[in-house]
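Residue numbers (this note's numbering), protein chains in the order written: chain A, 79 to 362; chain B, 394 to 694.
Hints were generated in silico from the structure; no laboratory data involved. Just so you know, these numbers come straight off a predicted model, no measurement behind them. Virtual Cβ for every residue (Gly too), placed ideally from N, Cα, C. Take these hints with a grain of salt, some might be off.
[Said to hold, decoys possible] Cβ-Cβ distance ranges computed for the label pairs, FRET-style: (1) B:Thr553 / A:Ile134: 28 to 36 Å; (2) B:Thr553 / A:Pro136: 25 to 33 Å; (3) A:Gln218 / B:Leu683: 34 to 42 Å; (4) B:Phe604 / A:Ala99: 16 to 24 Å; (5) B:Leu685 / A:Ile134: 47 to 55 Å; (6) A:Val169 / B:Asn599: 51 to 59 Å.
[Stated by the list, open to error] One-sided excerpt, in silico: chain B residues whose CB lies under 8 Å from chain A: (7) Tyr414; (8) Phe427; (9) Thr435; (10) Leu474; (11) Asn496; (12) Phe502; (13) Leu503; (14) Phe507; (15) Arg508; (16) Leu513; (17) Ile577; (18) Val679; (19) Leu683; (20) Val686.
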Amino acid sequence: MFSRGMQTRATARWVDWGIIAVMAVIGIFMLMPFLWLFSMSFRPVADAYKMPPSFIPPTLDFTNYRAVLASDVPFLRIYWNSVQIAVLVTVGQLVTCTLAAFAFARLSFPGRDSLFFVMLIGLMFPAQVTIIPIYLGYAQTGLLNQPLGLALMYLTSSFGVFLVRQFMRSQPKALEEAALMDGAGYFKIFWRISLPQLRPALSALGIITFTQTWNYYFQARVLLEPQDSMTLPVAMDMLRGFMGQGNLSMVMAAMSMAVLPVILIFLVAQKLVIEGVTMSGIKH
Amino acid sequence: MTTIAANRPSELRRAQARAGYLFILPSFVLYLTFVLAPVIVTFLLSFTYYDAIDGASFVGLDNFVRFLTDERSLQIFWNTLRFTFFAVTFNVGVGLALAMALNRAMPAFLLYFFRLAFFLPVIIAAAFVSIVWGYFYGDDLGVINYYLIRLGFAPVRWLTSSSTAMMSIIIMDVWKNTGFFMIIFIAALQGVPKNIMDAAVMDGANWWRRFSRIILPFISPVIFFNIVYASIGAMQVYESIVILTQGGPGDSTRSMSILIVEEAFGSFEIGYAASVSVVLTLVILVITSLQLVASRRWVSY
């Protein structure tokens, strides 16, 4: 009996390692598109379409990167649009969602729960059902084709309010109550006591919001048409047409620069990103 | 739940109410402007014929009748449902299989590698990775066909044949999104009580019995959640198709989101496009409410 138990345990270890080895191979295949895109960005233009493709950079020569920056496409301008929008939306959501979450979690006022419910309904509507009126409204107010217009419509989110409120409700509120007894104002309580406790929720929300905003395509494509106002996801599609025919390497150099911020965030804060993104799925 | 000073005199209570409204004001005004009001306007527009000069004129259900009787829009509706069905099945199925495979003890660096490999596609924009996959799927210069030919197989017309294009988009979608479901499943699997599993092993229950009798019932709420969540995302599929096939060949991969954008901002059929987005929203609402109903009835522990 004893030896048999030992044996099955030993077999189980081998099965474990076998499965892990198979998964490692699958994992490498999962990364192929990224390995290819970085490697191709370093290929000399003349070899761009030569087979076999590379999955390891053949050189570390940044000629293609410089060529993208020197081309007719306003790549830096487009990059700046993306940075501007993502930073503005992230900061905006952290501010508006935290303020609202504080009121919903810590204060009592008539209609509070109904208002919260109304905000939660927003989780169910896809971008497709809001885009037409927003487009028409933007066309009339001059916000169309303005990168800031895209940022404006995302300065708050039902999800953010929900996430921060839930987190705040899981925290003890004794300190806040004591501060109120001492006659502290509500904003002071929010700023000095509630906010510092929210760091984990806010870093998760900040990371999700930044990557989501960096990746927006549907809304950006509809609302930002001229090259100068585009964000990276839409511009990459256009670049492919501009440079694509002869110049796969340059498209991939531009793409490498476009995916860099999100990849860096992920490499540095892997756990936080995964927690944040999966949390954004668990809305209900 | 009581809140700060809930039982204090009325003056304090009024002050707290004022503060409350002030705190939610920015968020609520933005929400009304950019979510709630547009949704209502879209619903209203869906019953109108809209003209940039004359404005909107009421046409009743005409737009919806047109959507439900037009052969082309029905095909696009069908494409979207078909895409959703297969993308959801494989995203959730593969995600569960991967989670089962990875839910075991391993050194930290391997864990980091697996998280990187399976989650990186999730967080990189579909617009970016679709361009890469476009090159992978090329007919003559495509990376995949190059290796198929080298291995002695016939090349596949991944995106240029109407019988394979949808499948190719689904494959990419699974590559991109399955890691998300995998992570959720891993978290769920770690909640399966270890003593029950150990007892089952002692009793000689084989792998399949342990899976179907213990694990599956235990994680069924999560499976259900993942199916609903995946469906909501898949119904809205847009950029991967726009970039890989532009909806073609013919209309074979065109989705409802593409139709909405083309009708609204290409042909300026605003009312009709609004009705398509209302249909899309209704389907999503039905899926969401299925979750609410079913999670109470069918899901068992």
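Hints versus structure:
1. B:Thr553 / A:Ile134: 28 to 36 Å: holds (30 Å)
2. B:Thr553 / A:Pro136: 25 to 33 Å: Holds - the Cβ-Cβ distance for Thr553 of chain B and Pro136 of chain A, about 29 Å, lies within 25 to 33 Å.
3. A:Gln218 / B:Leu683: 34 to 42 Å: The hint (34 to 42 Å, Cβ to Cβ) holds, given that Gln218 of chain A and Leu683 of chain B are roughly 39 Å apart.
4. B:Phe604 / A:Ala99: 16 to 24 Å: holds (22 Å)
5. B:Leu685 / A:Ile134: 47 to 55 Å: 50 Å Cβ-Cβ, so the 47 to 55 Å window holds.
6. A:Val169 / B:Asn599: 51 to 59 Å: holds (55 Å)
7. Tyr414: holds (6 Å)
8. Phe427: Check passed: Cβ of Phe427 of chain B comes within 4 Å of chain A, closer than 8 Å.
9. Thr435: holds (5 Å)
10. Leu474: violated (15 Å)
11. Asn496: Interface hint status for Asn496 of chain B: violated (10 Å vs cutoff 8 Å).
12. Phe502: Constraint on Phe502 of chain B not satisfied, violated at 11 Å.
13. Leu503: holds (7 Å)
14. Phe507: Since chain A brings a Cβ to about 6 Å from Phe507 of chain B, closer than 8 Å, the hint holds.
15. Arg508: holds (6 Å)
16. Leu513: The hint holds - Leu513 of chain B has a Cβ within 8 Å of chain A, the shortest such distance being about 6 Å.
17. Ile577: For Ile577 of chain B, the interface hint holds, since the closest Cβ of chain A sits about 6 Å away, which is under 8 Å.
18. Val679: violated (11 Å)
19. Leu683: violated (12 Å)
20. Val686: Since chain A brings no Cβ nearer than about 13 Å to Val686 of chain B, farther than 8 Å, the hint is violated.
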